[in-house]
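Below are the chains, spelled out letter by letter.
6 protein chains.
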Amino acid sequence: MKKVITFGEILLRLSTERHLRFSQATNFNATYGGGEFNVAVSLANYGFNAEFVTRLPKNDIGECALQEIRKHNVATTNIQFGGDRLGIYFLETGAGTRGSKVVYDRANSAIAEIEPNSIDWKAVFKDADWFHWSGVTPAISAKAAAVCLEAVKAAHKMGITISSDLNYRSKLWKYGKEPKDIMPELLKYSNVILGDLDTAFFMTGQETQDPDYQDMDSLPELYDLLYKGSPDLSYVATTLRYSVNASHQKIGGILYDGKKIHYAKIREVTPVVDRVGSGDAFMGGLIYGLLQDRIDNQQTIDFAAAACCIKHTITGDFNLATLDEIEQLAGGNSSGKVSR
Amino acid sequence: MKKVITFGEILLRLSTERHLRFSQATNFNATYGGGEFNVAVSLANYGFNAEFVTRLPKNDIGECALQEIRKHNVATTNIQFGGDRLGIYFLETGAGTRGSKVVYDRANSAIAEIEPNSIDWKAVFKDADWFHWSGVTPAISAKAAAVCLEAVKAAHKMGITISSDLNYRSKLWKYGKEPKDIMPELLKYSNVILGDLDTAFFMTGQETQDPDYQDMDSLPELYDLLYKGSPDLSYVATTLRYSVNASHQKIGGILYDGKKIHYAKIREVTPVVDRVGSGDAFMGGLIYGLLQDRIDNQQTIDFAAAACCIKHTITGDFNLATLDEIEQLAGGNSSGKVSR
Amino acid sequence: MKKVITFGEILLRLSTERHLRFSQATNFNATYGGGEFNVAVSLANYGFNAEFVTRLPKNDIGECALQEIRKHNVATTNIQFGGDRLGIYFLETGAGTRGSKVVYDRANSAIAEIEPNSIDWKAVFKDADWFHWSGVTPAISAKAAAVCLEAVKAAHKMGITISSDLNYRSKLWKYGKEPKDIMPELLKYSNVILGDLDTAFFMTGQETQDPDYQDMDSLPELYDLLYKGSPDLSYVATTLRYSVNASHQKIGGILYDGKKIHYAKIREVTPVVDRVGSGDAFMGGLIYGLLQDRIDNQQTIDFAAAACCIKHTITGDFNLATLDEIEQLAGGNSSGKVSR
Amino acid sequence: MKKVITFGEILLRLSTERHLRFSQATNFNATYGGGEFNVAVSLANYGFNAEFVTRLPKNDIGECALQEIRKHNVATTNIQFGGDRLGIYFLETGAGTRGSKVVYDRANSAIAEIEPNSIDWKAVFKDADWFHWSGVTPAISAKAAAVCLEAVKAAHKMGITISSDLNYRSKLWKYGKEPKDIMPELLKYSNVILGDLDTAFFMTGQETQDPDYQDMDSLPELYDLLYKGSPDLSYVATTLRYSVNASHQKIGGILYDGKKIHYAKIREVTPVVDRVGSGDAFMGGLIYGLLQDRIDNQQTIDFAAAACCIKHTITGDFNLATLDEIEQLAGGNSSGKVSR
Amino acid sequence: MKKVITFGEILLRLSTERHLRFSQATNFNATYGGGEFNVAVSLANYGFNAEFVTRLPKNDIGECALQEIRKHNVATTNIQFGGDRLGIYFLETGAGTRGSKVVYDRANSAIAEIEPNSIDWKAVFKDADWFHWSGVTPAISAKAAAVCLEAVKAAHKMGITISSDLNYRSKLWKYGKEPKDIMPELLKYSNVILGDLDTAFFMTGQETQDPDYQDMDSLPELYDLLYKGSPDLSYVATTLRYSVNASHQKIGGILYDGKKIHYAKIREVTPVVDRVGSGDAFMGGLIYGLLQDRIDNQQTIDFAAAACCIKHTITGDFNLATLDEIEQLAGGNSSGKVSR
Amino acid sequence: MKKVITFGEILLRLSTERHLRFSQATNFNATYGGGEFNVAVSLANYGFNAEFVTRLPKNDIGECALQEIRKHNVATTNIQFGGDRLGIYFLETGAGTRGSKVVYDRANSAIAEIEPNSIDWKAVFKDADWFHWSGVTPAISAKAAAVCLEAVKAAHKMGITISSDLNYRSKLWKYGKEPKDIMPELLKYSNVILGDLDTAFFMTGQETQDPDYQDMDSLPELYDLLYKGSPDLSYVATTLRYSVNASHQKIGGILYDGKKIHYAKIREVTPVVDRVGSGDAFMGGLIYGLLQDRIDNQQTIDFAAAACCIKHTITGDFNLATLDEIEQLAGGNSSGKVSR
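One line per chain: the protein sequences are A, B, C, D, E and F, in this order.
full-length UniProt numbering numbers the first residue of the first sequence as 1 and each following residue consecutively.
full-length UniProt numbering numbers the first residue of the second sequence as 1 and each following residue consecutively.
full-length UniProt numbering numbers the first residue of the third sequence as 1 and each following residue consecutively.
full-length UniProt numbering numbers the first residue of the fourth sequence as 1 and each following residue consecutively.
full-length UniProt numbering numbers the first residue of the fifth sequence as 1 and each following residue consecutively.
full-length UniProt numbering numbers the first residue of the sixth sequence as 1 and each following residue consecutively.
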């Protein structure tokens with residue numbers, strides 16, 4: 001069984017029910033999630049040996065997060081305990097013409113205050129096949145960025161495949177650094193990158209190009225620009241999203257292997273139950289495909305896009321769909337019949 | 001007031017809320033339902049004297065089912081008490097590209113262990129005008145099949161109109177018999193059959209034909225095949241369903257009277273609140289139309305299809321729509337305006 | 001800060017959850033609302049000094065309504081206390097082909113029994129810029145109609161702009177008078193009228209014309225008919241609604257300034273979370289635009305229609321959308337992206 | 001099977017959850033109840049043929065009440081339909097030193113406007129053994145009082161046993177009559193009266209005596225005073241209640257048969273889950289005992305008091321305890337062990 | 001109407017339902033509260049003109065807090081907006097032998113980062129009669145302590161009565177100062193102090209004495225020690241609490257006026273619905289009594305203790321009891337009868 | 001870290017909320033539990049390496065149980081998958097004089113149909129220090145009894161300490177064997193037995209003695225009788241329970257070490273939130289004490305009894321109390337103060 005490590009933050013998510021606005025809520029649904037952990041859950045569901053590395057406060061809320069990690073069969077072996085609080089985000093789920101709304105309350109979280117050199121990455125990566133991180137972690141604090149760099153360097157040195165999700169969030173990056181100061185060094189070791197071309201150019205400090213994702217011929221040239229900064233890069237992937245309204249999305253994807261563009265066809269996604277974590281579902285599907293010998297690149301991008309679609313029907317940050325459900329959708333069956 | 005008897009199983013339905021997956025649920029909504037009982041509820045709502053015959057365990061859960069039957073104004077006069085448990089089914093309600101999921105836990109239920117000759121069908125059918133059963137009941141156990149046969153024979157002997165819903169469920173039929181061993185004898189007494197042509201051919205052991213429901217000319221020939229095994233058959237009806245996704249169905253219907261095909265036009269059904277029991281809603285509408293003198297065959301199939309459509313907007317197994325609501329929809333008003 | 005007074009009834013609204021029918025409900029969500037109060041909430045949200053005048057019973061339920069008014073930053077200075085009960089309405093929220101259903105239980109409410117001359121309108125309107133009322137209030141009782149007339153006369157005398165929402169409800173008007181007996185005198189003082197042309201002609205006792213809202217050339221002539229009875233009338237507006245089904249509406253609007261027809265383009269509104277109060281949201285948007293110098297008539301009708309659309313995504317009677325959200329939608333961005 | 005008729009009002013009860021105050025509630029639990037109906041439910045649970053006569057409005061809320069009556073196996077044969085609304089009461093459930101609070105909103109209910117001579121009491125009482133009414137009904141309106149008098153006269157004429165629960169509510173009796181104007185004539189036909197001596201003297205216009213319920217010797221003399229106005233009176237019973245706080249009651253009872261005082265011993269009742277309807281539970285227990293040959297007077301009062309106690313542990317107006325549970329408690333087993 | 005100002009923090013409270021432990025919770029009830037705001041709510045309920053001064057973040061969660069303040073009729077005129085987050089506390093409600101548990105997550109809240117001299121206290125205290133603060137605010141941060149000192153100085157200078165609740169929380173005071181460094185200067189201006197003698201000695205840096213609250217003769221000497229540091233001190237009060245278990249408290253109180261000890265008798269409080277904020281309820285009762293001419297010192301302490309008791313029956317931080325309810329309990333009626 | 005293995009059944013528990021009776025429930029809270037698993041959760045909470053061996057069906061409900069096991073940090077390494085269903089029990093939580101009620105629906109569960117020799121007990125017990133089982137497992141079916149015997153024999157052979165909880169349930173033992181046919185052989189290998197003396201004599205087929213648990217002198221002689229059948233027995237323990245009512249228990253315990261009786265003092269437990277699993281909490285505390293060197297026998301029984309008490313305050317089958325909370329209670333602090 002292949003072993004995948006992900007590193008990042010897990011937050012308490014407090015969301016309103018039934019599309020209520022924050023000011024109408026007298027209670028919040030409490031779940032736990034975060035980009036890199038969401039990917040780990042997907043991979044554990046697909047049968048991999050998944051492990052999540054993070055830092056959790058030693059209080060009851062941190063303990064709840066720990067139980068959630070265990071529940072999803074994600075290993076907790078190398079989690080560090082310390083710090084004052086678990087980061088929180090508040091979520092108001094929109095509908096139709098009203099978009100969802102996130103209020104972050106994640107400053108000063110346990111992982112934001114992680115000490116460099118406090119994790120023994122050599123031990124963490126023992127027997128591991130894959131390491132995944134995203135651009136959210138270096139955006140949290142200088143310390144988190146430093147530990148993230150330790151991780152990618154150690155993984156690279158040990159010959160572990162590294163996937164990087166650009167995941168740009170403008171509301172983070174508040175500690176005095178810009179993405180272009182930090183990300184190029186981190187992305188240098190990537191074997192797989194997930195992200196928009198625009199974001200990639202912005203984060204790597206390159207001049208922005210204007211990609212037309214429908215123009216198959218022009219894309220390789222643009223994607224090739226990313227290979228310069230990441231010498232070991234094998235794949236670049238992009239999630240294609242077109243938002244009709246908050247309840248209706250169109251979702252597809254692109255996988256580029258340095259030679260060829262593979263498209264996953266655009267699917268209608270309506271109604272949207274919860275779109276948070278759908279990018280992580282895409283990422284989880286991508287890693288699944290790339291870690292499997294039996295699946296080719298076209299099947300990989302089809303699987304990733306189908307995973308992303310089906311995530312929109314599931315409440316919470318995780319993609320709780322089964323391999324079988326995703327494969328059926330990837331294979332073209334979107335009828336949603338009752339299974340009985 | 002016309003009197004209709006239905007016979008079958010009522011189950012405890014445990015469903016997740018808000019499209020949650022089973023693994024996310026910390027509580028289940030508890031309702032009660034089952035194909036033949038659902039039909040009885042429809043008919044009671046339409047003003048008929050409806051009675052449901054079943055077997056219930058003498059425990060608190062059986063008592064809850066009994067109260068639900070009473071609440072809906074369905075007579076309980078001939079219910080038998082005994083056995084160990086009420087059958088259960090778990091329901092996870094899907095959305096969009098993710099279909100709903102049913103986990104059956106109905107083995108060894110009270111009615112599966114009903115003793116042949118334990119119900120006085122002659123007394124049950126006294127003053128009755130109509131008897132309805134479905135293919136789910138003989139699929140449960142040899143005993144249930146035997147009692148079902150007693151019922152149709154008694155009803156037939158007493159000159160009561162008999163409607164049969166084929167209702168094939170591949171997960172049942174576990175007791176060593178196949179539908180073709182059991183169903184032909186049961187269907188022999190039918191005056192009305194509801195089902196797909198494919199299912200009908202399969203259950204009656206005929207070679208499968210490939211029906212094209214849009215081809216009005218070819219259909220009578222195929223439907224006529226069913227009249228051979230059921231000499232008293234007057235009507236065959238089929239629900240037409242096209243599934244765009246779990247939240248979006250297209251619903252129509254066909255009624256064949258041995259001479260002419262009557263179509264109910266296809267309607268868009270979106271969003272789907274709950275599609276379980278929509279076939280029973282169709283059946284209930286069909287019986288309503290056929291029991292009314294004032295309604296012709298076209299109006300009957302329009303009513304049945306409208307009942308099926310509106311059921312998709314109602315949570316639970318029953319079609320709690322009123323006559324007036326269904327007639328408005330059948331008459332072409334689908335605007336769903338606020339009634340105030 | 002401009003000051004707006006509205007006068008009318010606030011009711012306890014008891015609604016079923018999750019599209020349940022009344023007979024399935026074991027609890028009701030309890031909120032508070034009413035046409036004129038809903039308008040006041042919109043205006044308070046937009047930053048105006050809004051005040052609601054009504055009559056509330058001196059019991060716990062009246063106190064709950066009072067707290068709701070305060071919570072939304074609407075002034076309660078001139079609320080009168082007395083009477084026996086707060087009016088109630090029960091709401092069953094439909095879906096798809098099944099419309100929502102309202103059961104009124106509002107007879108004998110505190111405001112229905114308000115005594116003429118019991119409110120010092122001169123004090124109420126001190127420093128006020130705008131007065132809004134609707135046709136629901138004179139429909140409740142002769143006393144409510146009398147007090148409404150006192151209000152419009154006082155407002156007119158004090159030079160305050162008066163907006164009138166026709167708001168015809170056939171289930172009201174039970175006290176022996178018809179709209180045409182009461183409304184012309186009330187509408188006489190209007191500066192702004194919101195309503196369908198049909199309703200306007202019916203309420204003012206004019207012969208009904210058959211308006212074609214798509215025919216820009218024919219409309220001015222029809223709208224001009226309303227100016228005869230209301231010599232100070234500046235604007236007439238109409239909400240355009242086309243109902244695909246209970247979950248899918250198409251919404252636009254018209255603003256006529258005595259010279260020119262301004263259209264707000266028709267928008268798809270799906271899914272509909274709650275359409276109650278969407279007309280009041282339109283009205284609130286209209287007043288907002290007309291009270292602002294920086295917004296022209298086209299922008300005003302665009303804002304009003306966008307406010308109406310976004311209200312459909314919000315549970316409860318009020319439009320809890322922010323200025324910014326409505327302006328974005330009015331400006332053409334309906335993608336409903338996650339704000340994070 | 002003995003047949004018992006009760007006549008009165010059934011109301012929609014809207015109660016706050018988890019001891020919330022009204023101003024904290026964002027939803028209300030919706031149940032249905034009313035003194036005389038509550039007694040009917042008790043008797044149906046004990047195996048009697050119970051029927052409830054009332055008047056219900058022809059709207060969805062009235063239909064909900066009707067379904068609740070059916071669910072509890074109480075016959076609805078003679079219910080009259082008409083009127084505008086179902087009466088409502090709001091309930092805030094207290095705890096400890098804070099008492100529960102009721103807000104009535106029951107004026108102008110369907111039964112308050114029942115027409116005299118509109119019920120065929122002779123048909124109602126055919127085959128009946130017992131008729132029960134309470135002092136709440138004549139307190140509602142002159143019409144309700146008139147119909148109540150019709151009922152007791154008819155029952156008396158047909159030789160049916162009549163039980164009367166005094167049930168004084170000072171907030172009712174608003175239509176210009178006092179209890180002493182109405183109750184003596186109604187009580188004249190009683191065979192069984194339940195009530196405090198104080199209330200009985202007040203309602204029958206006698207000079208108030210000061211009863212000491214612990215003084216067994218002085219009581220017969222006082223109870224005997226009631227026999228003067230009710231020549232057919234056989235039994236008088238009183239519920240003894242001592243309130244430590246809202247969560248802790250002490251409950252006993254007295255049954256006087258014209259000769260002897262029978263006491264049910266005082267039991268500690270803590271915690272109190274819901275005390276509404278506990279008097280009706282007592283009444284139901286009393287009728288049960290008096291209708292049974294196998295139970296003597298001491299056993300009857302023990303059963304009635306035990307029924308009253310156990311009701312305090314059950315949410316809602318009805319005593320949903322089984323015969324077996326009450327008999328166990330009446331027999332002295334109050335350990336509340338898990339039954340498994 | 002007397003005007004009372006309170007100054008402090010309002011937090012989002014996230015509590016588990018039904019005595020669930022944190023690890024069992026899938027949702028949290030969301031309410032808002034904080035010591036000084038809780039006092040303001042009590043005083044608004046008693047009919048005073050109450051105003052709360054605080055600092056709120058300009059985000060949706062801050063807006064929710066603002067609406068809660070308004071809902072309770074507490075003025076918001078001088079609230080300052082800014083900062084990053086609203087403080088949070090998580091509450092697990094215990095039962096019996098298991099105590100409730102609080103997890104604080106309030107560091108870096110808006111008020112912790114308030115700038116000195118940013119509030120115009122002279123304007124705030126215009127027309128005010130009373131100012132209340134507590135020891136929680138100077139415990140938050142040096143900045144909050146500084147602003148608190150500005151407030152008491154300004155209030156003292158303007159001749160406003162000042163009440164101080166010692167409110168010691170060992171988990172706060174993390175910014176490098178101890179209570180004895182800060183509190184004496186703040187308490188110097190007090191006219192009324194609420195607190196334990198132990199806490200008072202500790203906070204004012206005096207040698208701890210060992211008070212025996214049952215020994216009426218020894219107490220004045222100890223209380224008198226507090227008058228030395230607070231020359232304008234008129235009253236010292238102490239809440240007496242004895243905890244049988246988490247669901248059962250005994251509550252009394254002491255009021256010392258510099259001459260005489262007034263005791264409120266100890267009351268049994270069981271069950272405890274929610275004890276958070278019961279000290280603030282006591283404080284609110286104390287201020288009520290001292291601001292009323294018609295109430296003497298004994299009545300004041302009786303009222304304060306009764307307010308504290310009844311708060312234990314109410315969910316949330318606020319004492320939502322009415323004047324009438326508290327006076328009844330203070331007057332000796334603790335029977336908790338249903339009010340109907 | 002000591003390793004403890006437990007073997008038995010885990011069930012889906014469906015319980016009504018808020019003390020509702022089954023017939024009032026429209027939803028059930030869904031949790032998972034079972035005697036031996038509950039013990040494993042206690043031990044995992046106390047920091048041991050706990051593992052649960054069972055058989056789970058390969059369906060969604062079995063998967064939910066698996067996730068619950070993982071969440072609580074109990075190892076799932078040797079769980080067998082197969083069979084048709086997870087056993088279910090329905091729970092109605094009583095209050096006061098009304099006891100809780102359990103309806104079992106656990107026949108034909110996955111573990112009831114476990115095949116003998118299908119578990120490699122030698123592998124299971126590798127590195128284990130303790131094995132725990134209870135009398136519920138052999139009561140389920142002959143197969144479960146046979147596998148249980150395999151387990152105790154293997155454990156005994158490998159020198160692992162064995163604890164046996166008698167756990168007699170009269171509603172089980174339906175497969176044709178009585179306890180005395182099966183239990184003596186199973187108990188033979190015990191090192192620790194938990195149970196009543198009565199139950200022990202009944203299960204081992206000895207003549208019943210009448211123990212007086214308050215008579216310290218007579219008890220050793222009775223307990224010694226158990227040592228005859230179990231040659232390796234070191235300890236016998238008994239939970240002492242006295243039920244005042246369903247909401248009020250008195251709990252103590254006895255530990256006999258073959259020489260001396262150690263009593264845990266009787267504690268008042270009120271209110272009872274949930275008493276299911278309190279015996280398992282006792283057992284977990286006992287194993288904790290016996291596995292610790294630092295704790296003597298008196299401290300062990302005090303800890304076990306305190307664990308049992310505190311479990312009564314926690315919803316669900318598990319004792320989610322921490323070591324620290326139990327030790328505080330065992331040490332005499334039952335005040336239940338707020339921890340903040």
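Keep in mind the hints are simulated off the structure, nothing from the lab.
Among these hints, one or two may not hold up.
What the hints assert, rightly or not - Which residues of chain E face chain F? A few of them, derived with a C-beta cut under 10 Å, are:
| hint | residue |
| --- | --- |
| 1 | S23 |
| 2 | S100 |
| 3 | K101 |
| 4 | L240 |
| 5 | Y242 |
For every residue, glycine included, the Cβ atom is placed at its ideal position computed from N, Cα and C.
So, going through the hints one by one against the coordinates:
no., hint, in the structure
1, S23, "6 Å, holds"
2, S100, "5 Å, holds"
3, K101, "5 Å, holds"
4, L240, "15 Å, violated"
5, Y242, "9 Å, holds"
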